[in-house]
Amino acid sequence: MTLPLSRLSLNTATVRAQWNLAQCIEGCARHGFGGIAPWRDKLAELGTEVAARQIRDAGLRVSGLCRGGMFPAADAAGRKAAAEDNLRALDEAVAIGAECLVLVVGGLPAGSRNLADARAQVEDGIAALLEAARPAGMPLAIEPLHPMYAADRACVNTMAQARGIWERLGEGVTVAVDVYHVWWDPDLRTEIAAAGSAGRIAAFHVCDWLVPTRDLLLDRGMMGDGVIEIPQIRRWVEDTGFDGMIEVEIFSEANWWKRDADEVMEVVKTRYLSAV
Numbered sequence: 028m029t030l031p032l033s034r035l036s037l038n039t040a041t042v043r044a045q046w047n048l049a050q051c052i053e054g055c056a057r058h059g060f061g062g063i064a065p066w067r068d069k070l071a072e073l074g075t076e077v078a079a080r081q082i083r084d085a086g087l088r089v090s091g092l093c094r095g096g097m098f099p100a101a102d103a104a105g106r107k108a109a110a111e112d113n114l115r116a117l118d119e120a121v122a123i124g125a126e127c128l129v130l131v132v133g134g135l136p137a138g139s140r141n142l143a144d145a146r147a148q149v150e151d152g153i154a155a156l157l158e159a160a161r162p163a164g165m166p167l168a169i170e171p172l173h174p175m176y177a178a179d180r181a182c183v184n185t186m187a188q189a190r191g192i193w194e195r196l197g198e199g200v201t202v203a204v205d206v207y208h209v210w211w212d213p214d215l216r217t218e219i220a221a222a223g224s225a226g227r228i229a230a231f232h233v234c235d236w237l238v239p240t241r242d243l244l245l246d247r248g249m250m251g252d253g254v255i256e257i258p259q260i261r262r263w264v265e266d267t268g269f270d271g272m273i274e275v276e277i278f279s280e281a282n283w284w285k286r287d288a289d290e291v292m293e294v295v296k297t298r299y300l301s302a303v
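When you line the sequence shown up against the numbering used here, it's residues 28 to 303, in that order.
Think of the hints as simulated: they come from the structure by calculation, not from any bench. Since we're looking at a predicted model, the values are computed, not measured. Not one of these hints is a red herring.
The list that follows gives simulated cross-link-like pairs (lysine to aspartate or glutamate, EDC-like), each with its CA atoms no further than 16 Å apart:
#1 296 with 252
#2 107 with 150
#3 69 with 53
#4 107 with 151
#5 285 with 246
#6 69 with 119
All chains, full assembly: derive it from the sequences and hints.
Set out below in structure tokens:
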């Protein structure tokens, strides 16, 4: 079955080097995408109220706002600053009508080797943010990141770890399934089923893992150019009843960020139809 373009969402990171947020909004509408997922830096440049109006006028859904998180810190002042920034992110997500606030939870505080403590700080930070997120009706979507990022970006690295958090914290905590980060997990199908059956999958992100990968942050592949069985993972997600947006998020300093943005958009659309 051909995927409808109404489910295709552009994570603005995919063309962040070429377009500002206003251009991304216009480009999504012009190329027939159904949705968009802004990053907060681009949102700040345009202004939240202006962005919300332009997204609404373009008829786009907002599959998520990137990102909240980065909870762990070396001291109380740092944790307080993180908490305040997450409240701002929550307000922004609500203002633009995002379907979730994606959480890249953070890694080890500076100078720390205590991974267990970092994970405890993450859970405490999410629990505190929930106090505002629940009344606002904004799902908090934990995005497990590949273990290579455990030290600096996210100490939640598997769907099972995310499940532990949403089981303990309850309503309002969900997951963002990004194939780039979880494709390697031998328990992935089981964990997707568990999250989906509990209604906890809030977002589904796609790109591809290149071999060789030249840069572990900035060399993601276009769908179909790498080794991830993306259609299989999509089917696992959809078998749980998920029928939400399929968000394309590609960081590609040496390739896709160097190309004309309209060319990238057309390739994204073609590969969404053929390789997702």
